[in-house]
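Trainee: Going down the list, the protein sequences come from chains A and B. For the first sequence, position 245 (counting from the first letter as 1) is numbered 244 according to numbering that gives the first Met the number 0, and the numbering increases by one without interruption. For the second sequence, position 456 (counting from the first letter as 1) is numbered 455 according to numbering that gives the first Met the number 0, and the numbering increases by one without interruption.
Some clues are possibly wrong.
Per label pair, the in silico range of CB-to-CB distance [said to hold, decoys possible]:
id : chain 1 : residue 1 : chain 2 : residue 2 : range
1  : A       : E225      : B       : E109      : 48 to 54 Å
2  : B       : V385      : A       : E386      : 45 to 51 Å
3  : A       : G404      : B       : S75       : 48 to 54 Å
These are calculated hints, taken from the structure and not from any lab test. All C-beta atoms in this analysis are idealised placements derived from N, C-alpha and C, irrespective of residue type, glycine included.
There are 2 protein chains.
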Amino acid sequence: MSAALLSGSGAAALRHNAAAGAGNGHVGTVRSLNIDNINQNVREAKYAVRGELAIKSEEYRAKLAKGEGKDLPFDSVISANIGNPQQLDQKPITFFRQVASLMENPELLENEEALVKSFGYKSDVIARAKKLLKDVRSVGAYSQSQGAPGIRQSVAKFIEKRDGYPADPENIYLSAGASSGVNTLMNIICASPKTGVLVPIPQYPLYTATLSVLNAKCVPYYLEEESNWGTDVNSIRTALKKAQAEGIDVRAVVVINPGNPTGGSLKPEDICSVLELAAEEKLVVLADEVYQTNVFEGEFFSFKKGLRDLQKSDKNKDGKFNNLELASLHSISKGMVGECGHRGGYYEMVGFDPEVVAQIYKFVSIMLCPPVIGQCIVEVMCNPPVEGEPSYPLYKQEYDGIFKGLRERAFALYEAFKQMEGVECQSPQGSMYLFPTIKLPPKAIEAAKKADKNPDDFYCLQLLDATGICIVPGSGFGQKEDTLHFRTTFLAPGTDWVSRITKFHKEFMDRYRS
Amino acid sequence: MSAALLSGSGAAALRHNAAAGAGNGHVGTVRSLNIDNINQNVREAKYAVRGELAIKSEEYRAKLAKGEGKDLPFDSVISANIGNPQQLDQKPITFFRQVASLMENPELLENEEALVKSFGYKSDVIARAKKLLKDVRSVGAYSQSQGAPGIRQSVAKFIEKRDGYPADPENIYLSAGASSGVNTLMNIICASPKTGVLVPIPQYPLYTATLSVLNAKCVPYYLEEESNWGTDVNSIRTALKKAQAEGIDVRAVVVINPGNPTGGSLKPEDICSVLELAAEEKLVVLADEVYQTNVFEGEFFSFKKGLRDLQKSDKNKDGKFNNLELASLHSISKGMVGECGHRGGYYEMVGFDPEVVAQIYKFVSIMLCPPVIGQCIVEVMCNPPVEGEPSYPLYKQEYDGIFKGLRERAFALYEAFKQMEGVECQSPQGSMYLFPTIKLPPKAIEAAKKADKNPDDFYCLQLLDATGICIVPGSGFGQKEDTLHFRTTFLAPGTDWVSRITKFHKEFMDRYRS
Numbered sequence: 000m001s002a003a004l005l006s007g008s009g010a011a012a013l014r015h016n017a018a019a020g021a022g023n024g025h026v027g028t029v030r031s032l033n034i035d036n037i038n039q040n041v042r043e044a045k046y047a048v049r050g051e052l053a054i055k056s057e058e059y060r061a062k063l064a065k066g067e068g069k070d071l072p073f074d075s076v077i078s079a080n081i082g083n084p085q086q087l088d089q090k091p092i093t094f095f096r097q098v099a100s101l102m103e104n105p106e107l108l109e110n111e112e113a114l115v116k117s118f119g120y121k122s123d124v125i126a127r128a129k130k131l132l133k134d135v136r137s138v139g140a141y142s143q144s145q146g147a148p149g150i151r152q153s154v155a156k157f158i159e160k161r162d163g164y165p166a167d168p169e170n171i172y173l174s175a176g177a178s179s180g181v182n183t184l185m186n187i188i189c190a191s192p193k194t195g196v197l198v199p200i201p202q203y204p205l206y207t208a209t210l211s212v213l214n215a216k217c218v219p220y221y222l223e224e225e226s227n228w229g230t231d232v233n234s235i236r237t238a239l240k241k242a243q244a245e246g247i248d249v250r251a252v253v254v255i256n257p258g259n260p261t262g263g264s265l266k267p268e269d270i271c272s273v274l275e276l277a278a279e280e281k282l283v284v285l286a287d288e289v290y291q292t293n294v295f296e297g298e299f300f301s302f303k304k305g306l307r308d309l310q311k312s313d314k315n316k317d318g319k320f321n322n323l324e325l326a327s328l329h330s331i332s333k334g335m336v337g338e339c340g341h342r343g344g345y346y347e348m349v350g351f352d353p354e355v356v357a358q359i360y361k362f363v364s365i366m367l368c369p370p371v372i373g374q375c376i377v378e379v380m381c382n383p384p385v386e387g388e389p390s391y392p393l394y395k396q397e398y399d400g401i402f403k404g405l406r407e408r409a410f411a412l413y414e415a416f417k418q419m420e421g422v423e424c425q426s427p428q429g430s431m432y433l434f435p436t437i438k439l440p441p442k443a444i445e446a447a448k449k450a451d452k453n454p455d456d457f458y459c460l461q462l463l464d465a466t467g468i469c470i471v472p473g474s475g476f477g478q479k480e481d482t483l484h485f486r487t488t489f490l491a492p493g494t495d496w497v498s499r500i501t502k503f504h505k506e507f508m509d510r511y512r513s
Numbered sequence: 000m001s002a003a004l005l006s007g008s009g010a011a012a013l014r015h016n017a018a019a020g021a022g023n024g025h026v027g028t029v030r031s032l033n034i035d036n037i038n039q040n041v042r043e044a045k046y047a048v049r050g051e052l053a054i055k056s057e058e059y060r061a062k063l064a065k066g067e068g069k070d071l072p073f074d075s076v077i078s079a080n081i082g083n084p085q086q087l088d089q090k091p092i093t094f095f096r097q098v099a100s101l102m103e104n105p106e107l108l109e110n111e112e113a114l115v116k117s118f119g120y121k122s123d124v125i126a127r128a129k130k131l132l133k134d135v136r137s138v139g140a141y142s143q144s145q146g147a148p149g150i151r152q153s154v155a156k157f158i159e160k161r162d163g164y165p166a167d168p169e170n171i172y173l174s175a176g177a178s179s180g181v182n183t184l185m186n187i188i189c190a191s192p193k194t195g196v197l198v199p200i201p202q203y204p205l206y207t208a209t210l211s212v213l214n215a216k217c218v219p220y221y222l223e224e225e226s227n228w229g230t231d232v233n234s235i236r237t238a239l240k241k242a243q244a245e246g247i248d249v250r251a252v253v254v255i256n257p258g259n260p261t262g263g264s265l266k267p268e269d270i271c272s273v274l275e276l277a278a279e280e281k282l283v284v285l286a287d288e289v290y291q292t293n294v295f296e297g298e299f300f301s302f303k304k305g306l307r308d309l310q311k312s313d314k315n316k317d318g319k320f321n322n323l324e325l326a327s328l329h330s331i332s333k334g335m336v337g338e339c340g341h342r343g344g345y346y347e348m349v350g351f352d353p354e355v356v357a358q359i360y361k362f363v364s365i366m367l368c369p370p371v372i373g374q375c376i377v378e379v380m381c382n383p384p385v386e387g388e389p390s391y392p393l394y395k396q397e398y399d400g401i402f403k404g405l406r407e408r409a410f411a412l413y414e415a416f417k418q419m420e421g422v423e424c425q426s427p428q429g430s431m432y433l434f435p436t437i438k439l440p441p442k443a444i445e446a447a448k449k450a451d452k453n454p455d456d457f458y459c460l461q462l463l464d465a466t467g468i469c470i471v472p473g474s475g476f477g478q479k480e481d482t483l484h485f486r487t488t489f490l491a492p493g494t495d496w497v498s499r500i501t502k503f504h505k506e507f508m509d510r511y512r513s
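With these hints in hand, go ahead and build the complete structure from the sequences.
Mentor: Structure (structure tokens):
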């Protein structure tokens, strides 16, 4: 990765340093920082989603934009490496952005008639902006460290409605995307190099990267590919016991549902099994539920609901679920919202020790507050127009349209994968990704070895060079030994790019056939 | 601090936990996390700007808002603890917010005539929004990890214009406020518990808090209160040598200019002295220049200009300045912009090893990107309307008005402090703060001891209880032994609140007079 990064920003920095020194004709002196004396925990961290391939794809994109890409065998770059819908032509939801425009310029509210007549703003847009402005005063002002009180109330109501159980705004922490929430929670949990956190494999690399930076242990447990990437509680228990036997102090278990990169969606009974294990073993549950509305099969079932159900049930006779610590994370970046660039999200903490919560409060205070306009988008996501309100018909049409489009493309891609030699893919259940297995011919494995690459890196790099499509090799997420995968989003519009993959794959397989 | 935090969010969490367990009539089981087993580096961190006093003041504010504060001896809370101008009625700059509104809802651009006629949008507002939209595509899309390329170009041009030396967009990293930039740089620099960073005392507690969290050493050097909180390079050298003798690997020196909390503004020769020391001792210079436009005396002189001047000078015969590593930070939160809630900023890195830069790139990638609308505000801050452009007259009027207001209030407060018994204050030079010394009577010191408080905490708490004005005790920033200070912003409108302080101070001194 390092070499590849250098070809991006690093190379420019090199040029610049050379230029800075050039005027004096002297070789520069030794610096304070070098690759061997900086924080080695950062050096160890891996984050493939924006790694070598992503950087190379940006270089192709820049080249094409300058009209310099005549030699390339493609005319556009498709970023299927990252769940970034609005980079790929997904239109933002009108209600959300109309409200945001008024938040940014409240002077627009001084001529409501023109808003309505010239721009089609409905009365509920205007009312919502006024309500939010009252709560945050200005999107240019810092809010409370844990987020604006009124917005946290809306989030609590949303959770109540979703789960049928009360939620307390004081337990809600708004964050700059779910990533920032994960970072906060991990900073609190990871007390020493012996602290361990159970992480599903494959996983979204935020988790392993954050654990690396914090010098704590990732305790991997494998998902069951054959049962649509389900969670087998026995495999979690086995991983836990093994780690404990090695002296690791396992504190928490991460579950990503619906799954990233897998696209799987967990059944309620699996969720409850994880909660039971966590209660028995005193583990914090970190439920990454950012894809909770990206569900194509069945209905989303939250960890919070599972926990409250268990607390009411016979299984809680001994009170073992009473203080189970659950942090569940959500985001405006995914779902049908897709507002990644606004960096908004929240986490709800239940069962945490108040003294620990006070430390979390202090920790987030150091960074002052999450972006306030992002907080406002959290509010409208949690509290969208409802039937009977003027903005509802358009909202519903846009929301359903995005959902339908995602579903269609997921299945189109799935069907294409099913036809491809050596490719096996679980049926799309949720999230924004497919994570097929690929079986490559021995000659391709050898060629990868010669190029000093993992076979899946080799495959994805060749795909990029041949088609302009950027996907992420399975090694970036973790995979069982001797298996190969890749992750692709199904966000890019149209299906032309799917046939680019099919064509490349056939040629690749033919080239390396024994 | 812990007890105070509990009275805020913690108390609610406690109530909630009790409620969750109540249904079963069982005492909850032991949790995974408690105050003694979480990351103790976080526990050690202190951040007084949003600590006990700030939380208590928010409680007063909430009480008054509900109409329940009849028993309080004041009718409004003044948050002079934090540089949050738009919380205190500072109006955002119209050009910035008009552009932001179009970024949030590009559909407004479909009726330019109405924008102009009904809302007074000028042609340069519309042109700027179109240019930015071309660069970022959508404010809802992730940008490149280091920030949108076109915005980094504008920042580079701004730096070039300010300093008279070229700047390279590849060396610019956009960030979620300057705080996030400091956090990134410290994460890279702090390699072990023996890593040390020179930090001015008094300082903005972000620095000590971040070093605590990273388990690295703060190496304090004292600013010279008597010479308007200037930097004495000899005192930095003494602190450095002392730390090195103790086995600390000192890697970097932080300078905050203009000063927070001090309000001091450094002379060019002092800046060059620090750079010389850094070059000799191989220290990274972290120049916190977020108050660069809040200068009331003389002109702002940047570390970057100082470095380039030195690189061209005779002092660089041996090339010692060629690879001096300088990171200078700026923000949209301060100046006349005051857009704290948007969480925008940037840092420029010069002289860094490209391999180190590649690690910084990877580190920021894990959090994906800074808020994109915040990035857009960075752009308009760096590239505001200029003379001859339609939005210029209003921009100039607003900018100058804010500057004048800040200056007037700074001096009004300074004059009031000069009249107060036992209070000494340096004349306002820059930033948004005054940091007077207070000498309290022995009886007050005793009373504080009895209340188990630092004397400055005791004073500030009594001020809050009596007047509703929230300021921050000097102990939150660090101060020489046996001295007491407090920090106050001069952002709150009007001067009524200044006389509330004067009145309280007289009564306080009378009460504790021997």
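Trainee: Indicate, hint by hint, whether the structure satisfies it.
Mentor: Each hint tested on the structure:
no.: 1; hint: A:E225 to B:E109: 48 to 54 Å; in the structure: holds (51 Å)
no.: 2; hint: B:V385 to A:E386: 45 to 51 Å; in the structure: holds (50 Å)
no.: 3; hint: A:G404 to B:S75: 48 to 54 Å; in the structure: holds (51 Å)
Comparing the model with each earlier hint shows no violations; every hint is respected.
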